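Enquirer: Respectively, the protein sequence lines represent chains A and B.
Numbered continuously in our numbering, the first sequence closes out at residue 325.
Numbered continuously in our numbering, the second sequence closes out at residue 516.
Worth flagging that the hints you see were computed from the coordinates, not collected in a lab.
All values derive from a computational prediction rather than experimental measurement.
Treat the hints with care, as some may be off.
[Claimed, not checked] Part of the chain A face toward chain B, derived, beta carbon under 7 Å:
| id | residue |
| --- | --- |
| 1 | 38 |
| 2 | 40 |
| 3 | 195 |
| 4 | 210 |
| 5 | 217 |
[To be verified] Chain B is nowhere near these chain A residues, computed Cβ spacing over 12 Å in every case:
| id | residue |
| --- | --- |
| 6 | 41 |
| 7 | 171 |
| 8 | 200 |
| 9 | 205 |
| 10 | 218 |
| 11 | 292 |
| 12 | 301 |
| 13 | 308 |
| 14 | 321 |
Note that CB positions come from ideal geometry on N, CA and C, so glycine has one too.
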Amino acid sequence: MNSIVTEQKITNNNFSIKNTLNLLAEHSTIVVFLTMMFAAYFLSDKFYSVANITNVLRQSVPLGLVSLGMLYVILTGGIDLSVGSIMALVSVVVALVIPEYGVFFAVCSAVIVATLMGSCAGGLVAYFKIAPFIATLAMMTIARGLALIVSKGQPIFVDDVAFVDFGTGYFMGLPLPVYVFLFFSILAHFIYKKTTFGRLVISIGSNETATRFAGIPVERYKFAVYALSGMACGVAGVIAATRTGVGSPVLGLSFELDAIAAVVVGGASLAGGRGTVFKTIIGVLILSVISNLMNLMNISGYLQQIVKGVIIILAVVLESLKTKQ
Amino acid sequence: MQLIPIGISKMVKVEVIMREYSIVMNNVQKRFGGIHALKSVDLKVKKGSIHALVGENGAGKSTLMKVLSGIYIKDGGKITIDGQEVHFTTPRQSQEHNIGIIHQELALSKDLSVAENIFLSDLGFGGALVSTKKINRLAKLALDQLGFDIHPSTRLGDLSIAYQQMVEIAKSLAKNVNILILDEPTAILSEKEIDVLFDKLRALRDKGVTIIYISHRLDEIFKLTDAITVIKDGETVIELDPETCTENDIICSMVGRQFNQLFPEKQIPSEEVVLEVINLNTAKLLRNININVKKGEIVGLAGIIGAGRTEIARCLFGIDLIASGEIKKNGKTLHINNPADAVKLGIGLVPESRKEQGAILSRPIRENITLSNLKKTGSTFGIINRLKEITISNEFRKRLAIKLGSIEDPISSLSGGNQQKVVIAKWLNTDCDVLILDEPTRGVDVGAKSEIYNIILELTQKGYAILIISSELMEIIGLCHRTYVMSEGEIAGELIGDDMTEKNIMRMALPKRALI
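Sequences are here, hints too, so could you generate the full structure?
Expert: Given below as structure tokens:
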């Protein structure tokens with residue numbers, strides 16, 4: 001009891017400074033994001049235009065969807081490297097199926113293919129106890145290989161008007177894909193906050209042994225997060241194809257790194273158990289806005305990569321400061 | 001004028017005693033929070049002797065040796081090494097006084113060679129480059145001096161455990177150790193390997209190395225050691241001479257404590273057998289385990305560490321697979337492949353390691369309580385009813401008198417005893433009627449202990465069948481109706497009611513290895 005009292009005294013003394021610092025560290029992701037949005041005003045006069053903002057939002061949708069799936073995988077303490085390749089496979093499948101069976105069937109089959117690929121990774125991790133890094137690395141090259149075989153290595157153009165219209169269309173001033181992302185974000189948040197599934201995923205990431213010892217079939221949940229991540233890639237792949245009108249076997253190269261970066265910048269711990277949907281979305285926006293800003297400022301692609309890396313380090317260092325406290 | 005020579009002669013005498021003893025400990029104390037692990041330990045070890053340290057689990061043997069090797073810092077008392085008073089605050093300081101410790105679990109790298117292991121702390125002898133030739137040559141020299149017939153370039157993992165242990169000894173002695181502590185070195189050895197080890201230890205003693213030997217095996221102690229110190233509850237009880245004392249003398253001084261009023265009155269259990277284990281064997285350790293627990297009964301599993309008590313719990317809970325045998329509940333044979341199966345069949349486990357296995361430390365108390373039975377919190381389509389969850393958590397908070405700030409605080413914010421109550425609450429929130437508690441009061445202060453005992457008793461009144469694993473004999477005797485005593489993977493015996501005495505339990509628990 002004594003120590004608690006003295007601790008309180010100490011915090012009272014440094015009230016203003018320490019509490020402000022704590023608050024900043026607690027919401028480091030948001031601080032970084034707001035600072036960036038503020039800086040953007042001075043860095044480019046084109047940034048705050050309706051056309052540019054809607055463009056940024058539209059561009060962030062595939063990364064956003066994939067990151068939501070990635071968040072769940074990372075929450076369990078795993079990682080999914082296969083996301084970019086699965087997106088490519090999906091875009092190729094959807095482009096090939098549309099002329100034969102129509103848009104609806106094409107989208108369904110593409111999402112199913114993606115979920116199956118994710119399930120394979122999940123099965124390897126959960127039931128064959130293969131390290132997530134290895135299992136999804138294997139799935140990454142398999143999915144990429146499949147995409148290249150199915151497409152014969154060529155981009156496949158989609159000439160279905162409705163399909164392409166969806167990618168470029170608007171509703172109430174916002175691009176249509178943004179609504180898809182909003183829907184899945186709310187769903188992901190709801191699952192995270194309100195369901196047993198979300199609760200147990202966090203529990204597994206926090207302490208897998210104790211969760212297993214509580215009588216939870218841990219394998220089932222681990223399997224499910226990879227399947228869900230696959231499904232998210234399915235939707236993301238379809239959206240990406242609607243935007244460009246092309247099914248491409250080279251879509252989403254190194255996309256897994258962007259998605260992991262978005263989740264980590266959003267304050268999640270790669271050890272599992274920590275991370276939120278809201279902050280992951282902020283993480284996605286941070287990455288998208290950086291790219292966009294640097295494009296507007298005519299910064300070379302090479303330099304962009306360095307800046308991106310620095311921002312990621314900055315966000316994670318802020319996060320680690322919080323953990324230390 | 002005549003006083004001076006007397007004073008001098010006294011000083012000389014003291015000097016002689018100090019020389020004769022390599023280690024002298026006076027009134028050594030160590031506390032961990034509220035737990036007084038070492039109350040007052042006196043230990044005198046003669047130079048060039050093998051000195052046995054015996055006592056029950058938790059008596060303080062390992063703590064004492066960790067103090068001597070600088071892993072723990074003593075809170076009080078005096079330690080003298082070769083006449084010089086010391087106060088170790090780091091393992092390095094202990095090493096500088098040429099003290100080496102060999103823990104029960106070997107700390108060697110399996111994929112390195114024997115020589116590399118021996119010189120691991122300074123492979124380059126101050127430089128950055130490793131000369132395989134040089135370390136092999138020096139290792140060979142060291143091993144030959146000890147009479148160990150081990151080739152220095154052998155991969156360590158290819159050696160048998162006994163030889164690995166010898167490498168560990170060589171590693172200590174390569175640093176010019178002249179006090180060697182061995183903490184239950186034979187627990188993992190076969191009989192033949194033990195003979196080899198003993199020969200080497202005697203040879204070391206004859207070269208002037210002082211050895212402290214911790215063991216539960218009394219036969220070994222008689223065979224090997226020159227003096228015996230018994231400690232109990234963190235205090236030195238007696239020093240015995242293995243030439244003159246008997247096994248019974250040792251056991252009597254290890255046990256025989258005052259019974260205190262920590263325990264609630266026992267209730268009479270029903271005759272209905274709930275849990276039954278028949279001829280259970282595992283690939284590793286357990287042999288022909290037959291136990292049963294009745295409704296409303298508290299059954300103990302006693303024995304020394306490594307006897308197989310936790311392994312039984314792990315089998316019952318589906319963590320380890322059984323090789324043969326049957327587990328029955330209410331007469332029905334169970335097929336348990338994982339903990340999820342066990343929980344579905346109504347078996348709960350409060351595991352031995354609360355931090356790693358029992359609690360999700362970073363998560364709120366509320367989530368820890370409802371973890372095993374989220375269905376109960378009114379979830380249709382897997383949606384959690386937060387209000388119901390809060391109600392349930394608050395109910396358990398009251399019922400088990402869990403002292404907490406808010407049920408939303410992480411469980412790590414609680415004391416050990418209250419954490420354990422939360423882990424128990426988790427099972428009370430399920431439909432389990434068989435509860436296995438593995439060391440339920442480890443790291444729990446006395447007040448919370450008594451509360452946990454009362455909770456356990458309350459459960460028996462509700463018809464729970466309870467199996468308790470404990471290294472504290474008092475706990476077994478005070479709480480259980482019946483106890484099985486385990487030794488070396490087998491049930492060594494069963495004790496009921498007044499037959500459950502510390503002496504009887506210790507007699508059965510100590511491994512009986514045929515004297516050769």
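Enquirer: Output the indices of the hints that this structure fails to meet, ascending.
Expert: Of the numbered hints given earlier, those the structure breaks are 1, 2, 8, 9 and 10, listed in rising order.
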